[in-house]
Amino acid sequence: SQTIHQWPATLVQPVGSPLSLECTVEGTSNPNLYWYRQAAGRGLQLLFYSVGIGQISSEVPQNLSASRPQDRQFILSSKKLLLSDSGFYLCAWSVEDQQFFGPGTRLTVL
Amino acid sequence: DAKTTQPTSMDCAEGRAANLPCNHSTISGNEYVYWYRQIHSQGPQYIIHGLKNNETNEMASLIITEDRKSSTLILPHATLRDTAVYYCIAGSGNTPLVFGKGTRLSVIA
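Quick mapping for you: the protein sequence lines, in order, are chains A and B. Per the numbering used here: the first sequence = residues 1 to 110. Per the numbering used here: the second sequence = residues 111 to 219.
Since the hints were derived computationally from the structure, they do not count as laboratory data. All C-beta atoms, glycine included, are put in the ideal place defined by N, C-alpha and C. Any given hint could turn out to be false.
Unchecked claim - Taking CB as the label site, the calculated pair distances span:
#1 A/69 - B/204: 43 to 51 Å
#2 B/168 - A/28: 20 to 28 Å
#3 B/152 - A/13: 18 to 26 Å
#4 A/55 - B/173: 33 to 41 Å
#5 B/182 - A/96: 39 to 47 Å
#6 A/82 - B/173: 42 to 50 Å
#7 B/115 - A/26: 30 to 38 Å
#8 B/187 - A/5: 30 to 38 Å
Stated by the list, open to error - As a list, the in silico EDC-like pairs of lysine to aspartate or glutamate whose alpha-carbon atoms are at most 20 Å apart:
#9 B/179 - B/192
#10 B/211 - A/96
#11 B/162 - A/59
Unchecked claim - Here are some chain A residues pointing at chain B (derived, C-beta under 8 Å):
#12 7
#13 11
#14 16
#15 22
#16 26
#17 32
#18 43
#19 49
#20 53
#21 94
#22 100
#23 101
#24 103
#25 104
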């Protein structure tokens, strides 16, 4: 069966520090991969999605970037975090007509 | 993706069926109806999806009207653990899903 891993589960970072969140998927090949963010008390916002290795589509201009170095690995990065980057970051994968979410990383920028 | 409309909140007595409505009047022919729920501090959990026919799994039933302009998610015997925000989404399968504000379901003992 397919599983999706995200780490870390929680993260506290100072403003201006770099960020790297990793997501890996097991049990499937060539999935579409997604990064969403949910600010406190808000809905889910799509940040990036990828249909293959090295292919990244950005939905919202910001100081975040994404990369897909391997088929089942998706990385979210930032060179300098802002206070507004705080939130719940969710990785998701889809194949055909189904999409599933990971457990998420809760990021607090102080 | 077609826009969906859901009530902001609903209450349901524990043990009773919870019927969550969703309108998707602009849904296109190749778009599915998806339902997810999000329990506080967790990632969205897939519940069920369908295209035209009604669907049932171990979690819920999905009833889609014949014209596909609306649907209802049915939790047959709601428990306190079903308290969550429920999202109805119209989307075309292997593309990013657009989440709205959903329905906050409160199951009451």
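Hints versus structure:
1. A/69 - B/204: 43 to 51 Å: violated, 21 Å
2. B/168 - A/28: 20 to 28 Å: With a Cβ separation near 21 Å, residue 168 of chain B and residue 28 of chain A satisfy 20 to 28 Å, so the hint holds.
3. B/152 - A/13: 18 to 26 Å: holds, 22 Å
4. A/55 - B/173: 33 to 41 Å: holds, 37 Å
5. B/182 - A/96: 39 to 47 Å: Check failed, 25 Å falls outside 39 to 47 Å.
6. A/82 - B/173: 42 to 50 Å: holds, 44 Å
7. B/115 - A/26: 30 to 38 Å: holds, 36 Å
8. B/187 - A/5: 30 to 38 Å: The hint (30 to 38 Å, Cβ to Cβ) holds, given that residue 187 of chain B and residue 5 of chain A are roughly 32 Å apart.
9. B/179 - B/192: Since the Cα atoms of residue 179 of chain B and residue 192 of chain B sit roughly 26 Å apart, the hinted pair is violated (cutoff 20 Å).
10. B/211 - A/96: Outside the cut-off at roughly 25 Å; violated.
11. B/162 - A/59: violated, 30 Å
12. 7: violated, 13 Å
13. 11: violated, 15 Å
14. 16: violated, 27 Å
15. 22: With a closest approach of 15 Å, the residue 22 of chain A hint is violated.
16. 26: violated, 16 Å
17. 32: holds, 6 Å
18. 43: holds, 5 Å
19. 49: This interface hint holds because 5 Å falls under the 8 Å limit.
20. 53: Where the cut-off is 8 Å and the nearest Cβ of chain B is about 16 Å from residue 53 of chain A, the hint is violated.
21. 94: holds, 5 Å
22. 100: holds, 6 Å
23. 101: This interface hint holds because 4 Å falls under the 8 Å limit.
24. 103: holds, 5 Å
25. 104: Residue 104 of chain A check passes; min Cβ-Cβ to chain B is 5 Å, inside 8 Å.
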